[in-house]
Amino acid sequence: MNKKTILACAGLLGVALSGVAGAADVHTRTLASTCLSCHGPGGKSQGAIPSLAGLEKDYFVKAMQEFKAGTRAASIMKRHANGYTDAEIEAMAAYFAGLKK
Amino acid sequence: MTLNRRDFLKISGAGAAAAALSGCATQGASSGRAHVVVVGAGFGGATCAKYIRQWGPNVDVTLIEPNDKFVSCPTSNWVLGGIRTMDDITHGYDNLPKHGIKMVKDYVTGIDAAKRVVTTRGGASIGYDRLVLAPGIEILTDTVKGFKEAEAAGKVVHAWKAGPQTALLRKQLEAMPDGGTFVMSVPATPYRCPPGPYERACMVAHYFKQAKPKSKIILLDGNPDIVSKKGLFMDAWNTLYPGMIDYRPNNAPLAVDAGRMLVTTEFDDVKGDVLNVVPRQRAGAVTALAGARNDSAGNWCTVNLATFESTTVPNVHVIGDSVASNLPKSGHMATNHAKVCAAAIVELLAGRQPDPIPVVANTCYSATSGTTSGYVANVYRYEAGKGYVSAPEGGATAKGDELNFAYNESWAKNIWAEVLN
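As they're listed, the protein sequences go chains A and B. Count along the first sequence from 1, add 1242, and you get the number used in my numbering. Count along the second sequence from 1, add 25, and you get the number used in my numbering.
None of these hints come from the bench; they were simulated from the model. Don't take each hint at face value.
To be verified - No farther apart than 27 Å at their CA atoms in a straight line, the calculated lysine-lysine pairs in the DSS-like style are these: (1) K170/B with K241/B; (2) K1286/A with K438/B; (3) K1343/A with K1299/A; (4) K1320/A with K424/B.
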């Protein structure tokens, strides 16, 4: 099998092969992708909305938890942050930390 | 599967690429590479095609779309308000083939769900393992007497699909004299883009305030109240455009007369200089070809909301505005349907169980002037037996502001890139 074939086969087995996001599970990968409708493809934003790609994991978790608690100034993000479990926030943080800036 | 693969290769000429990857073909749900056909390259369809390729690099994807360009409904009201041009909201499909998506410019005329074959006006027969229908809405032009004729004559448009009608409505507004009246109707729910009619009233008011300050807007709502972001819009109408907007609930249009420039409701004949009638809607016609327009009234498509597969037509998925659900019919929501559907299709084709508890979110900004916007946002979590349940703390802003206008602009750029780049 050449390299291309191996990559294609691994893809079939559900391993995230972008090389930047690690082996995120399907739930996390899909969840994280829904954020990109606002934050831009690959987590890279144009304009006022912040980029998510390459954010430090702890920073992301802290920000989301503060949005949730209402202790961080927010426009729309309090609405969103309250929709996710603590485990999902941790998993998304790891996912976005793995995306190239 | 042989048929699907052969048909795909016939139209794509991708034989060499497919052969190079055939080493793992036996691990799929069937022998050979799986083929997904997506119909409609709007917010939902283009996103779904892109993510199937990203998450299932061994899956071939054909995307069928009759239009040359993507024209965004979100921010098309801004063209009416004169703060954007048609060029600003029009984008090409040039980047989609880079994801390995086979683009076919054609119009689907038949679907054989038993044989799993799509036929097109151009004469192509394309087999599929899974089919995704993302046609958006069909406007029920027959539900308002006289509308079809008025529309055909170019006198009255709905402009509820962004494109030539958006440009024509803008021209009509530009040609209207100061002191004129703009009459717009709002269809009864469910319809595409719940806050859209009220944003449109804001945008036209913004234009009138600057260019034609003696003009009026009459909003004939087929619903008993403002459907979405009521606080935001009421605040804008009262503070930014006092006395300009005459809002009339429970006033569905029954007929339109382009000769006399009248909209008739149950109560009144309403005269205007520019008439913008938005009739009721249903799922795009292509869903009926598949037998998937299957709710009790035959208007919308009921699906398994964890996979977006039709509840009655196996291997056919429906996403976006055509779906019958409690989720709002927005472009943003269509991209989220698309991602959940793409993930499910990749898992199903590989013989695995899809995520049983997907989560989607809606984010919808509306401009209230040329510099202010507000939003509504909700997260929805899927629960077996219940469908999507709205998470706590969702809701809308009470007042438009400049920060949210900046986010609104950024959102549009990012979602267009997410769908098309």
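Consistency of the hints with the structure:
1. Proximity of K170/B to K241/B is assessed by CA-CA distance (about 25 Å); at most 27 Å being required, the pair is judged to hold.
2. The straight-line distance between the Cα atoms of K1286/A and K438/B is roughly 11 Å, inside the 27 Å bound, and the hint therefore holds.
3. As the CA atoms of K1343/A and K1299/A are separated by approximately 13 Å, the hinted pair is consistent with the 27 Å bound.
4. Note on K1320/A and K424/B: the hinted pairing holds, with a Cα-Cα distance of about 16 Å set against a maximum of 27 Å.
Consistency note: the structure conflicts with none of the earlier hints.
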